[in-house]
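Undergrad: One letter stands for each residue in the lines below.
2 protein chains.
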Amino acid sequence: MKIPVVRDILEANERIARQNRELFDENRLLVINLMSAPGAGKTSLLERSIDALKDEISMGIIEGDIQSSQDAERVARKGVPAVQINTGGECHLDGNMIRDTFKDLDFKGLQLLVIENVGNLVCPAEFNMGEDYKIMMLSVTEGDDKPSKYPLMFRKSRVLLINKIDLLPYVDCSMERIEKESRRINPELTIFRISCKTGEGLKGWYSWLREQVNNKKK
Amino acid sequence: MKIPVVRDILEANERIARQNRELFDENRLLVINLMSAPGAGKTSLLERSIDALKDEISMGIIEGDIQSSQDAERVARKGVPAVQINTGGECHLDGNMIRDTFKDLDFKGLQLLVIENVGNLVCPAEFNMGEDYKIMMLSVTEGDDKPSKYPLMFRKSRVLLINKIDLLPYVDCSMERIEKESRRINPELTIFRISCKTGEGLKGWYSWLREQVNNKKK
Numbered sequence: 000m001k002i003p004v005v006r007d008i009l010e011a012n013e014r015i016a017r018q019n020r021e022l023f024d025e026n027r028l029l030v031i032n033l034m035s036a037p038g039a040g041k042t043s044l045l046e047r048s049i050d051a052l053k054d055e056i057s058m059g060i061i062e063g064d065i066q067s068s069q070d071a072e073r074v075a076r077k078g079v080p081a082v083q084i085n086t087g088g089e090c091h092l093d094g095n096m097i098r099d100t101f102k103d104l105d106f107k108g109l110q111l112l113v114i115e116n117v118g119n120l121v122c123p124a125e126f127n128m129g130e131d132y133k134i135m136m137l138s139v140t141e142g143d144d145k146p147s148k149y150p151l152m153f154r155k156s157r158v159l160l161i162n163k164i165d166l167l168p169y170v171d172c173s174m175e176r177i178e179k180e181s182r183r184i185n186p187e188l189t190i191f192r193i194s195c196k197t198g199e200g201l202k203g204w205y206s207w208l209r210e211q212v213n214n215k216k217k
Numbered sequence: 000m001k002i003p004v005v006r007d008i009l010e011a012n013e014r015i016a017r018q019n020r021e022l023f024d025e026n027r028l029l030v031i032n033l034m035s036a037p038g039a040g041k042t043s044l045l046e047r048s049i050d051a052l053k054d055e056i057s058m059g060i061i062e063g064d065i066q067s068s069q070d071a072e073r074v075a076r077k078g079v080p081a082v083q084i085n086t087g088g089e090c091h092l093d094g095n096m097i098r099d100t101f102k103d104l105d106f107k108g109l110q111l112l113v114i115e116n117v118g119n120l121v122c123p124a125e126f127n128m129g130e131d132y133k134i135m136m137l138s139v140t141e142g143d144d145k146p147s148k149y150p151l152m153f154r155k156s157r158v159l160l161i162n163k164i165d166l167l168p169y170v171d172c173s174m175e176r177i178e179k180e181s182r183r184i185n186p187e188l189t190i191f192r193i194s195c196k197t198g199e200g201l202k203g204w205y206s207w208l209r210e211q212v213n214n215k216k217k
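Which chain is which? The protein sequence lines are A and B, in order. When the letters of the first sequence are read in order and numbered with numbering that gives the first Met the number 0, they come out as residues 0 to 217. When the letters of the second sequence are read in order and numbered with numbering that gives the first Met the number 0, they come out as residues 0 to 217.
If you are wondering where the hints come from, they were derived from the structure by calculation, not from laboratory data. Careful: at least some of the hints might be erroneous.
Identical chains blur together in the list; that is why a pair holds if it fits in one copy or across any two.
[To be verified] Once the Cα atoms are required to be at most 25 Å apart in a straight line, the calculated SDA-like pairs of lysine to any residue come out as:
id : residue 1 : residue 2
1  : 107       : 205
2  : 179       : 67
3  : 107       : 179
4  : 102       : 189
5  : 215       : 171
6  : 155       : 211
Since we're looking at a predicted model, the values are computed, not measured.
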């Protein structure tokens, strides 16, 4: 009885996600869905990316959290339009929640919309929202066994950002193992090793993002 | 349509959890449900706890993961009976999955059963399995804003283990903020600051566990 219900929810979500995507495409808006475990550094990445790119790319942010608006406040302080979704218990964002923000976020003038999902390595990967790309972040403090334990998110993502490389000297984590196992699950994965604390490795990420925004403009 | 279905699932789960609990109580078995975000250090805590306590407390472990049996192999190497549950996509364990392990895990002679949940700060807190206590772990690398962002798990837990304190010099994380916000959500919370890497602070946790096992014996 449980499985058909879940399938219905996923199918209904797919329909809404496709409608969202059509709207994003009409507006030539690049949309990325940023996912990770809690505390991997998604909001820090956004703060860095806004500082680096806001003069050349007009962007908006949707923040997803169970509760609180701390993340939207953090990115709004950087001077970009931000909307907070409180899921009120739900462990992921879905297409409908994104559609509900359209009244609060005028994306007519935007080139890039970043949706920061709820911190969770599991469920967010199952729910499309109409995004162009899923981007996932893993921090080295979480350990190098995560690709084989949470394969779906690695399989669905276009980019893997390995964050907190400044902490590598203090943790037992093999970058080679993360990269090897991630690529075994998803050979197409683009991987950047970064530190949102020191800024190391972020130029490659900015270039990738710039390129996708330009491609979507055409 | 969605909410009633979820309620049915939760109600059905509660019934099974109560049945599990009766069986645990009949056997004077202390059962704890260990939860955290991915990579916070649950399995490392188990390895440490087994080494410290296995000569005085007979224990068994149930490992919950989406996929893979790496965690069960890690704890089995320590010489305790271990069963791996692969949820096959589900982001949490539930009462039924635990009931299904009873054929593989003879807990007649056991005093302590530790259930390591799927790494996820959200959904596991909603599903009882018949355990005596929920125990949660937060690592300092996840940041000090987690209590207000994921309040349910903090509210439902009896103990909060703050792990990876050996990394405090290298991260921006206020222990005071974590403890203050956690206690605002749950004034009854017992908190231990620990490092599963260095062993710091673990004696308090072992004493707590020993005491609960003794109480359950009576």
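Undergrad: For a quick check of understanding: which of the numbered hints are violated here, in increasing order?
TA: Hint check: 3, 4, 5 fail, others pass.
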